[in-house]
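Q: These protein sequences, in sequence, are chains L and X.
Going by this note's numbering, 45 is the number at position 45 of the first sequence; the sequence numbering is gapless.
Going by this note's numbering, 314 is the number at position 314 of the second sequence; the sequence numbering is gapless.
There may be inaccurate statements among the hints.
Claimed, not checked - According to the in silico footprint, chain L covers these stretches of chain X (three or more CB under 8 Å from chain L):
1. 37 to 43
2. 54 to 65
3. 77 to 89
4. 166 to 178
5. 231 to 245
6. 257 to 270
To be verified - Residues of chain L placed beyond 12 Å of chain X at every Cβ, according to the derived structure:
7. 2
8. 41
9. 44
10. 125
11. 145
12. 189
Read the hints as simulated data drawn from the structure, not as lab findings.
All C-beta atoms in this analysis are idealised placements derived from N, C-alpha and C, irrespective of residue type, glycine included.
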Amino acid sequence: MARMKFLCDADRCIECNACVTACKNEHDVPWGINRRRVVTINDGKVGERSVSMACMHCTDAPCAAVCPVDCFYTTADAVVLHSKDLCIGCGYCFYACPFGAPQYPRVSNFGSRGKMDKCTFCAAGPEEDSTEAEYAKYGANRLAEGKLPLCAEMCSTKSLLAGDGEIIAAIYKERVMQRGYGSGAWGWQTAYRETVDV
Amino acid sequence: MRIWSVGRLFSPVVAAIILAIGLLVVPATAQEGTGSNPTAQAVNEQQLLNELNKVQGRVSIPDRNAGTLQQPQGRDYQGFREGALPWIGAIFIIGMLLVLALFYFVRGRIRTQAGESGVRILRFNAMERLAHWTTATAFIILAITGLNFIFGKRLLMPLIGPEAFSTWSIWAKYAHDFVAWAFMLGVIVTLVMWVWDNLPDRYDANWLKVGGGFFDRSNRTHPPAGRFNTGQKLIFWAVVLGGIALSVSGLFLLFPFSFADVNGMQTAQYVHATVGVIMIAVIIAHIYIGTLGMEGAYDAMGSGTVDLNWAKEHHSAWVEKQQAKADGRVPPDNAAEPAE
Chain L
1 MARMKFLCDA DRCIECNACV TACKNEHDVP WGINRRRVVT INDGKVGERS
51 VSMACMHCTD APCAAVCPVD CFYTTADAVV LHSKDLCIGC GYCFYACPFG
101 APQYPRVSNF GSRGKMDKCT FCAAGPEEDS TEAEYAKYGA NRLAEGKLPL
151 CAEMCSTKSL LAGDGEIIAA IYKERVMQRG YGSGAWGWQT AYRETVDV
Chain X
1 MRIWSVGRLF SPVVAAIILA IGLLVVPATA QEGTGSNPTA QAVNEQQLLN
51 ELNKVQGRVS IPDRNAGTLQ QPQGRDYQGF REGALPWIGA IFIIGMLLVL
101 ALFYFVRGRI RTQAGESGVR ILRFNAMERL AHWTTATAFI ILAITGLNFI
151 FGKRLLMPLI GPEAFSTWSI WAKYAHDFVA WAFMLGVIVT LVMWVWDNLP
201 DRYDANWLKV GGGFFDRSNR THPPAGRFNT GQKLIFWAVV LGGIALSVSG
251 LFLLFPFSFA DVNGMQTAQY VHATVGVIMI AVIIAHIYIG TLGMEGAYDA
301 MGSGTVDLNW AKEHHSAWVE KQQAKADGRV PPDNAAEPAE
């Protein structure tokens, strides 16, 4: 089985936000929720760099570990998913997530955040594959159709790579060899406790 | 038809030539890369993490939390919540239960040595009892629903299944968030009401020296004490200071990101959970000595009155003052008695 990962080649990201828009559109994500976002470091200054970030589907995922109702599970493809039926909206997964991936439909106080929503690697949730019920809660299930996440598929500069970790790491390595530079796989050390050696 | 013969042929030929040149040129340069790195000056992940411990930037959406690209501290939070915290909780709570069980075995129930006199005196008035029981009821609800967040999935979920446990946890969460306000009010009232009786006095040193008489199996050691003995004062200050720590950290958690960023929220949880489990252990001891552990102690908070002999044994200085006041005499140490 594959071990699904995201890799953002920050040397290629041009902050066009097409990945963000593609994600929102594909999954009909409600207003105020961003499963994917582009963060620009040193914006407008020398050394500016943009990185597209969503759930990294971590190894030993912190969100899954801290969840007080154990609503997370990891698929055979190592995609970290959760059940909105079990989620109690406590917000602990946001404190644990190194990448700010979990999102909540409400921001009201007294602990009423609503059911958590996050990037599913386009693999939706525990409902039966490609059903209306699944789409309403978690969005499209592209993985079940043999397709990869739309954000990466849409990326105009092919900065964002999604797929089996070994394959995307090899693609990135080849790129770095070819062009002679690379800023590394952002977040990999924290998420997977390994980096891409180039 | 001319387009077929010339036009359509021309472009593939040109394309093929360009491609051939391209294929010849590319491998030559690929060996050493393109030479220049356009992002050589750009920020580097490892450097940012080394210098700032996290990676922060700008986002084009209103959610300011989204500007944090990476906070590896989330892994530390995971380590605390799933590693240290359950152990801290289990050691404090089970440890306290074992200590109390051992104490009960060795010392047994602390009896009133002189037996009941039949005369009862008021110890806590209705207002004091109301404040105590409001705080106490709130604390027990908060303790159970709070422990649910640590141990629920380990102990309760296997018994009732994930669905029922999720439903219970949603209600537990609401109970925790709303009952918290009653607890905060209770802590404030407790502080204002009893602070004067809980300041150190001249009986404390001796009380501590003889261990409050707890360890005298003959039950003859009854160090003099005022309205509250040193052990009760320690409980009072644990409740007030622990309660304030729980309230402040709890307010951070009740209003997420209003007063702190994500790392501040993690710190609030470290404080809240650690103080919470320690307080639960302290209160278990308080409940023990107030009920099973000591004959006659529960009445003070139950009916509000205690037997005169019980009061003489445990709060001799206080009884003398009360009796002096009732007889219209000047209290022995001439100190003003706080209003009851």
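Q: Are the hints correct? Go through all of them and say.
A: Each hint, compared with the structure:
1. 37 to 43: holds (count 7)
2. 54 to 65: holds (count 9)
3. 77 to 89: holds (count 4)
4. 166 to 178: Answer holds; 8 residues pass the 8 Å Cβ test.
5. 231 to 245: violated (count 0)
6. 257 to 270: Holds: 5 residues of the region 257 to 270 of chain X have a Cβ under 8 Å from chain L.
7. 2: 24 Å, holds
8. 41: The claim breaks: residue 41(L) does not keep its Cβ more than 12 Å from every Cβ of chain X (closest is about 4 Å).
9. 44: 9 Å, violated
10. 125: 14 Å, holds
11. 145: Its Cβ never comes within 12 Å of chain X, the nearest being 28 Å, so this holds.
12. 189: 8 Å, violated
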